[in-house]
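Protein chains: 2
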Amino acid sequence: MRIPKHIGIIPDGNRRWALFNQLTKDKGYFFGIEPGLNVFKLCQKEGIEEVTFYGFTIDNTKRPNEQKIAFTKACIDSVMLLTKENCEILVLGNTESDLFPKELLPFTKRTKFGSGGIKANFLINYGWEWDLNLLKEDNSHKKHIIPYIHSKDISRIDLIIRWGGRRRLSGLLPAQSVYSDFYILDEYWPDFKEQDFYDALNWYDKQDVTLGG
Amino acid sequence: MRIPKHIGIIPDGNRRWALFNQLTKDKGYFFGIEPGLNVFKLCQKEGIEEVTFYGFTIDNTKRPNEQKIAFTKACIDSVMLLTKENCEILVLGNTESDLFPKELLPFTKRTKFGSGGIKANFLINYGWEWDLNLLKEDNSHKKHIIPYIHSKDISRIDLIIRWGGRRRLSGLLPAQSVYSDFYILDEYWPDFKEQDFYDALNWYDKQDVTLGG
Numbered sequence: 001m002r003i004p005k006h007i008g009i010i011p012d013g014n015r016r017w018a019l020f021n022q023l024t025k026d027k028g029y030f031f032g033i034e035p036g037l038n039v040f041k042l043c044q045k046e047g048i049e050e051v052t053f054y055g056f057t058i059d060n061t062k063r064p065n066e067q068k069i070a071f072t073k074a075c076i077d078s079v080m081l082l083t084k085e086n087c088e089i090l091v092l093g094n095t096e097s098d099l100f101p102k103e104l105l106p107f108t109k110r111t112k113f114g115s116g117g118i119k120a121n122f123l124i125n126y127g128w129e130w131d132l133n134l135l136k137e138d139n140s141h142k143k144h145i146i147p148y149i150h151s152k153d154i155s156r157i158d159l160i161i162r163w164g165g166r167r168r169l170s171g172l173l174p175a176q177s178v179y180s181d182f183y184i185l186d187e188y189w190p191d192f193k194e195q196d197f198y199d200a201l202n203w204y205d206k207q208d209v210t211l212g213g
Numbered sequence: 001m002r003i004p005k006h007i008g009i010i011p012d013g014n015r016r017w018a019l020f021n022q023l024t025k026d027k028g029y030f031f032g033i034e035p036g037l038n039v040f041k042l043c044q045k046e047g048i049e050e051v052t053f054y055g056f057t058i059d060n061t062k063r064p065n066e067q068k069i070a071f072t073k074a075c076i077d078s079v080m081l082l083t084k085e086n087c088e089i090l091v092l093g094n095t096e097s098d099l100f101p102k103e104l105l106p107f108t109k110r111t112k113f114g115s116g117g118i119k120a121n122f123l124i125n126y127g128w129e130w131d132l133n134l135l136k137e138d139n140s141h142k143k144h145i146i147p148y149i150h151s152k153d154i155s156r157i158d159l160i161i162r163w164g165g166r167r168r169l170s171g172l173l174p175a176q177s178v179y180s181d182f183y184i185l186d187e188y189w190p191d192f193k194e195q196d197f198y199d200a201l202n203w204y205d206k207q208d209v210t211l212g213g
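Sequence order for the protein chains is A and B. Numbering follows the numbering used here, in which position 57 of the first sequence is assigned residue number 57; successive positions increment by one, without gaps. Numbering follows the numbering used here, in which position 211 of the second sequence is assigned residue number 211; successive positions increment by one, without gaps.
Since the hints were derived computationally from the structure, they do not count as laboratory data. C-beta atoms are modelled at their ideal positions from N, C-alpha and C, and glycine is treated no differently. Please note: incorrect hints may appear among the correct ones.
Between beta-carbon pairs, the in silico distance windows are [what the hints assert, rightly or not]: (1) L23/B with N202/A: 30 to 36 angstroms; (2) G117/B with S97/A: 40 to 46 angstroms; (3) E103/B with D153/A: 39 to 45 angstroms; (4) R156/A with K41/B: 35 to 41 angstroms; (5) I69/A with R63/B: 47 to 53 angstroms.
Pairs of lysine-lysine residues, derived as DSS-like cross-links and limited to a Cα-Cα distance of at most 30 angstroms, are as follows [claimed, not checked]: (6) K62/A with K5/B; (7) K206/B with K41/B; (8) K5/A with K62/B.
All chains, please: the whole structure from these sequences, using the hints.
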């Protein structure tokens with residue numbers, strides 16, 4: 001079976017899950033933490049080299065305050081959970097804003113935990129325009145741009161798995177996702193099942209990979 | 001009904017269609033010309049303001065010569081067909097390469113035909129890295145990057161319709177497609193039917209639009 005090197009996870013549907021379960025929207029994010037640990041462990045088990053979690057974006061921070069507090073806490077807790085695993089964590093986002101949680105500043109350079117191994121990336125207070133706003137260098141007429149963008153330490157994504165039924169990128173790493181295959185699940189992220197992950201891998205195995213060729 | 005302002009068309013599957021019809025791969029592109037005119041006319045009829053056709057990319061030019069000749073001719077013919085319609089054509093791509101057809105140089109500034117109206121964009125010898133290689137200016141820390149990329153005259157895409165079953169962007173306008181909803185058809189592009197277009201519009205009408213919020 002052809003296994004993707006790098007999987008992007010868009011854990012969408014937390015708020016819709018909360019409403020469906022008679023909770024207020026902000027309560028949904030807490031129920032997205034355990035699925036994140038589960039999908040990480042499956043990636044580790046299957047020999048995926050890198051996994052990127054779409055935490056929250058600069059766009060998301062325009063949401064009501066109680067939601068902002070809730071998704072920020074869920075992201076911090078998710079990163080902290082992975083510090084107990086064997087992995088190499090990178091948190092990427094705009095740290096120049098107060099909306100970037102101070103607790104995650106130590107992870108903005110890739111940090112090895114346990115015996116290391118799988119790279120686990122979290123996009124936190126991330127923005128696609130912020131990302132593509134090339135680093136201060138004369139980059140014009142460079143053939144390859146990735147070395148010059150903020151997300152330069154994140155590799156090309158092979159497979160993007162999105163929960164919650166929306167068929168869009170929502171600004172996830174535009175440079176790394178140009179050739180990514182998208183697998184969409186209608187289920188909300190807090191309802192994540194192991195089978196979702198294997199369905200995505202089995203689907204990916206049937207895709208050709210041309211990298212635009 | 002909520003109509004997208006800007007539709008992106010990924011007309012994929014020409015070569016697979018050709019093989020399926022006992023033709024050599026290069027013969028498929030010719031059969032993609034008429035569908036392009038048809039989808040343009042439907043966009044015009046439904047009041048779509050802008051449509052972008054994914055012609056060929058710098059990646060595509062690595063294909064066998066007879067294919068390169070065939071898809072280049074199909075693109076030139078497709079642009080020429082639209083010069084007989086009421087529209088405003090823009091051809092965007094890397095004109096510094098010999099692979100950019102000279103015949104299309106006059107269209108690299110938006111040009112009005114007939115009474116104008118709908119904007120029709122063709123990506124020709126286009127490359128996502130070429131596009132994002134920001135124009136020579138100090139762009140660092142600009143809040144919005146689109147004014148500084150090569151595709152600055154192409155607006156945000158609301159709906160991307162892809163034929164041929166592949167669930168990926170293949171490098172289509174990364175900055176304009178960050179929030180686009182994707183509608184995928186398994187049918188090959190030369191088999192385009194009017195109903196495909198309306199199925200996509202009806203699906204789009206049911207999507208929410210959050211622009212990442």
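Against the structure, the hints come out as follows:
1. L23/B with N202/A: 30 to 36 angstroms: 32 angstroms, holds
2. G117/B with S97/A: 40 to 46 angstroms: 42 angstroms, holds
3. E103/B with D153/A: 39 to 45 angstroms: 43 angstroms, holds
4. R156/A with K41/B: 35 to 41 angstroms: 37 angstroms, holds
5. I69/A with R63/B: 47 to 53 angstroms: Given a distance of about 52 angstroms, which is inside 47 to 53 angstroms, the answer is holds.
6. K62/A with K5/B: With a Cα-Cα distance of about 24 angstroms, the restraint between K62/A and K5/B holds, given a limit of 30 angstroms.
7. K206/B with K41/B: Given pair K206/B, K41/B holds - Cα atoms ~23 angstroms apart, limit 30 angstroms.
8. K5/A with K62/B: 24 angstroms, holds
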